[in-house]
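2 protein chains.
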Amino acid sequence: MGLDKVRKTSLSDAVTDSVIAWIREGRYRAGDRLPTERELAERLGVGRTSVREGLRFLEKLGILEIRQGTGTMVRSLSLGEVFDHLVPVQTIIDLPDRDVRHIMHVRRVLEAESAQLAAQHATERQLGRLDELLDGMAASLERPRDYLEMDLEFHVVVAEAAANPVLAHLIDLIRTIYTRYFEIVLRDPDMNRTSLDFHRKLYAALRDHDPKPPASTSSPT
Amino acid sequence: MGLDKVRKTSLSDAVTDSVIAWIREGRYRAGDRLPTERELAERLGVGRTSVREGLRFLEKLGILEIRQGTGTMVRSLSLGEVFDHLVPVQTIIDLPDRDVRHIMHVRRVLEAESAQLAAQHATERQLGRLDELLDGMAASLERPRDYLEMDLEFHVVVAEAAANPVLAHLIDLIRTIYTRYFEIVLRDPDMNRTSLDFHRKLYAALRDHDPKPPASTSSPT
Numbered sequence: 001m002g003l004d005k006v007r008k009t010s011l012s013d014a015v016t017d018s019v020i021a022w023i024r025e026g027r028y029r030a031g032d033r034l035p036t037e038r039e040l041a042e043r044l045g046v047g048r049t050s051v052r053e054g055l056r057f058l059e060k061l062g063i064l065e066i067r068q069g070t071g072t073m074v075r076s077l078s079l080g081e082v083f084d085h086l087v088p089v090q091t092i093i094d095l096p097d098r099d100v101r102h103i104m105h106v107r108r109v110l111e112a113e114s115a116q117l118a119a120q121h122a123t124e125r126q127l128g129r130l131d132e133l134l135d136g137m138a139a140s141l142e143r144p145r146d147y148l149e150m151d152l153e154f155h156v157v158v159a160e161a162a163a164n165p166v167l168a169h170l171i172d173l174i175r176t177i178y179t180r181y182f183e184i185v186l187r188d189p190d191m192n193r194t195s196l197d198f199h200r201k202l203y204a205a206l207r208d209h210d211p212k213p214p215a216s217t218s219s220p221t
Numbered sequence: 001m002g003l004d005k006v007r008k009t010s011l012s013d014a015v016t017d018s019v020i021a022w023i024r025e026g027r028y029r030a031g032d033r034l035p036t037e038r039e040l041a042e043r044l045g046v047g048r049t050s051v052r053e054g055l056r057f058l059e060k061l062g063i064l065e066i067r068q069g070t071g072t073m074v075r076s077l078s079l080g081e082v083f084d085h086l087v088p089v090q091t092i093i094d095l096p097d098r099d100v101r102h103i104m105h106v107r108r109v110l111e112a113e114s115a116q117l118a119a120q121h122a123t124e125r126q127l128g129r130l131d132e133l134l135d136g137m138a139a140s141l142e143r144p145r146d147y148l149e150m151d152l153e154f155h156v157v158v159a160e161a162a163a164n165p166v167l168a169h170l171i172d173l174i175r176t177i178y179t180r181y182f183e184i185v186l187r188d189p190d191m192n193r194t195s196l197d198f199h200r201k202l203y204a205a206l207r208d209h210d211p212k213p214p215a216s217t218s219s220p221t
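The listed protein sequences derive, respectively, from chains A and B.
For the first sequence, the positions run 1 to 221 when UniProt numbering is used.
For the second sequence, the positions run 1 to 221 when UniProt numbering is used.
Be careful, since some hints might not be right.
Each pair may be met inside one copy or between any two copies, as identical chains are not told apart.
[Stated by the list, open to error] Below are the EDC-like pairs computed for lysine to aspartate or glutamate, each with C-alpha atoms no more than 20 Å apart in a straight line:
1) 201 to 135
2) 212 to 197
3) 212 to 142
4) 212 to 37
5) 201 to 153
6) 201 to 149
7) 201 to 99
8) 201 to 17
Derived from the structure by calculation, the hints contain no laboratory data.
The structure presented is a predicted model; accordingly, all values stated were derived computationally and were not measured.
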């Protein structure tokens, strides 16, 4: 029975892999209809249950759209959707401490770039929101969770102001992973004061279009 | 019938979302066993088919391990596995030209950091491999595809030498997306010569532990 299960899993995986390969090679493009379940089962030499399971997986990933009656269509998948699909997975991965440090390092690199681009591109509305958030953060120094929420939004606004959606997605993704480890950060009572000081300097640099905004070397948030 | 299908999809999605939320909240951790299908169906108020489908999706993502007889276990998911799961999806997304430019920008930022870290940490073995690749690239100037393959490996070795696996995963992921658009790049006959020159300078900087290695501002590969 255990063996049956393993075989079934790998057969539906084979269906998934084949469909992905066809899309990658350009045999089926966004908007195209895939062959019927029966045709796919014949072509791939597997049962219809495996075909259905493989297609359903791709539907859940947003790659296919299955409609009773009209068939299975290839969807056009944007970068934003791919990242959205990832978020649940990212939030539950188990990271050793070493990886957390590596993630912090990458986060700093991406956010330094984000700040540099934001200094060039930030709109008045975005600068206004950052200013509001700084006021909110100053008023929340004794409430670490409220502070952290505004702190996170601060960086999201900076990433948006950078006007590079790929950079913004990556920063958001890394923050989602990283936020799980904030419990450790929240234990340090002086953290928010150091952090507020950094965010104020960053804001001033963005407002003044400083080409070298400060990087968060000490602030963990 | 169409409605039935939609309802079924959202019920199994609800199962998926609930299990992810439980893991995120720490109610079930890596190594723990989930309740039986029957118990889950009762607790969530959905049919067993939806439970099975929701769990199977999480199994395919690597979050759960379903074993007939012993039950469903929460797996420990590493960052590497998450990225591996992503690769098939990443290779088939549809990017507008604007996003390709944004991706190139992020790639340059990450690879500049990767080169800086590699200048500090590259081993003799890694430097030796880079040197070999440069020879291979020089010999393949008239064969763009061979050249490109070695060029890609060059950057993978640099990312490994940077000794930050998160950075290496992100660079690999971005290259996987980006490689789809190399057809455009391959049309330019002078591309490889410019590129080889850049890679030689980068290698020399890594070998000499130059803290500011050259950044690929002109080389598209």
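These are the hints, each one checked on the structure:
{"no.": "1", "hint": "201 to 135", "in the structure": "within (14 Å within a copy, 48 Å between copies)"}
{"no.": "2", "hint": "212 to 197", "in the structure": "within (17 Å within a copy, 29 Å between copies)"}
{"no.": "3", "hint": "212 to 142", "in the structure": "neither (31 Å within a copy, 41 Å between copies)"}
{"no.": "4", "hint": "212 to 37", "in the structure": "neither (57 Å within a copy, 56 Å between copies)"}
{"no.": "5", "hint": "201 to 153", "in the structure": "within (16 Å within a copy, 40 Å between copies)"}
{"no.": "6", "hint": "201 to 149", "in the structure": "within (19 Å within a copy, 44 Å between copies)"}
{"no.": "7", "hint": "201 to 99", "in the structure": "neither (29 Å within a copy, 30 Å between copies)"}
{"no.": "8", "hint": "201 to 17", "in the structure": "neither (49 Å within a copy, 40 Å between copies)"}
Violated hints for the displayed structure, listed by number in ascending order: 3, 4, 7 and 8.
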